[in-house]
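A.B. asks: Protein chains in written order, with the numbering used here: chain D, 1 to 75; chain E, 76 to 150; chain C, 151 to 225; chain R, 226 to 300; chain S, 301 to 375; chain G, 376 to 450.
Take the hints with a grain of salt, since some may be wrong.
Here are some of the chain E residues that sit facing chain D, going by a computed Cβ distance under 10 Å [what the hints assert, rightly or not]:
#1 F77
#2 P78
#3 V86
#4 K89
#5 E93
#6 S130
#7 G132
#8 V142
Just so you know, these hints were derived from the structure itself, not from any lab. Note that this is a predicted model, so its numbers are computed, not measured. Beta carbons: idealized from backbone N, C-alpha and C, even for Gly.
Protein chains: 6
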Amino acid sequence: MFPNKKVQSLVGRKIHVEMKGEQCVLEGVLKSVDDYLNLHLSGASEILEGEKKRSLGSVILRGNNVVLINPLLKE
Amino acid sequence: MFPNKKVQSLVGRKIHVEMKGEQCVLEGVLKSVDDYLNLHLSGASEILEGEKKRSLGSVILRGNNVVLINPLLKE
Amino acid sequence: MFPNKKVQSLVGRKIHVEMKGEQCVLEGVLKSVDDYLNLHLSGASEILEGEKKRSLGSVILRGNNVVLINPLLKE
Amino acid sequence: MFPNKKVQSLVGRKIHVEMKGEQCVLEGVLKSVDDYLNLHLSGASEILEGEKKRSLGSVILRGNNVVLINPLLKE
Amino acid sequence: MFPNKKVQSLVGRKIHVEMKGEQCVLEGVLKSVDDYLNLHLSGASEILEGEKKRSLGSVILRGNNVVLINPLLKE
Amino acid sequence: MFPNKKVQSLVGRKIHVEMKGEQCVLEGVLKSVDDYLNLHLSGASEILEGEKKRSLGSVILRGNNVVLINPLLKE
């Protein structure tokens, strides 16, 4: 399964996303994703040193600034 | 709804945008957006630690440098 | 008006441009722009903390490294 | 062999990946890769100063933020 | 003249190029350029605080990491 | 010769490559390159302040994170 298909298979699940920039880590439910790995998360929170720092609700993340995507429940 | 369509659905609303670079956070009314997530905001302000720092008026933001878009009113 | 058309409408006007990188802020007259937001400015200056730091004359700026474009005269 | 084909030839092997951002180094088994060098790793770990710092399991890495890929077993 | 045509018009001239990254400033004669603003310079030097720091000879610069191009002789 | 052709002409030669990120400088023999300037090097080493710091063997480098390519033998 190609990497983008792997991400599409995570729609509806809670994911952990690391973005470019200093300490920008988010968790939320993946609502949709396109081929550029642009992401739409609902119920998103910003995470700092493993703790929830800020509730953001609905966020859209630009794919080219996504570094790493990690499903939160083990496969 | 794909992430770019989600952003298009926010035209006319006030949004919060985090850009690449140190502490570049903006808020303004989304006037238009294209498929690259290039954004045109009116009445934009630069935000620093949650406070309005500088009024910018009309700004165009380059999509690839957008990290996160967050509608300011809850859905 | 899409964001790139908005920038095209600024040709001939003085604009403020923030680039990726530390404190790289420029002002100059927009001579031309393409769909990637590559910019050609004439009479450009580098701006540091709101003051003119260095005269650069004619400069070409790579679109993907443009963060923010702001027309200098209010609309 | 073109660089992307070289990476495709590493599917099933353990690789070392350096990402953009501060000290983001990962090791894991390459499950799939596409032409953009988006990577899907299984059994991935974050590495800090040559030591395993954190187990991540399955991760997807955005190709444009990959700096360097290095097969862990010598060729 | 579009920005990329403007750069093409500088072939054969000495240019000043600012790259992404810390203090990466180069000067050299522009041998060729393509539509991505990939640049080939000959007789290139690295410049630090306005002084020649290191001779590099022939260098190829990746267009997306070019921030600013400035012809060294006034137009 | 366009910049990418210039790099293709270096296949088989030892090159010096500066990548985005802090002090990521590599040297190695260029095995292959594509139009995105993705590079495959063999016998690669990481270089720190002009000295060989670490042997890496075979590495693939993502083109968009290449800043500068410099052939090691003078032309």
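A.B. asks: Does each hint hold? Answer for all of them.
C.D. replies: A quick look at each hint next to the structure:
no.: 1; hint: F77; verdict: holds (5 Å)
no.: 2; hint: P78; verdict: holds (4 Å)
no.: 3; hint: V86; verdict: violated (13 Å)
no.: 4; hint: K89; verdict: violated (14 Å)
no.: 5; hint: E93; verdict: holds (8 Å)
no.: 6; hint: S130; verdict: violated (24 Å)
no.: 7; hint: G132; verdict: violated (24 Å)
no.: 8; hint: V142; verdict: holds (5 Å)
Violated hints for the displayed structure, listed by number in ascending order: 3, 4, 6, 7.
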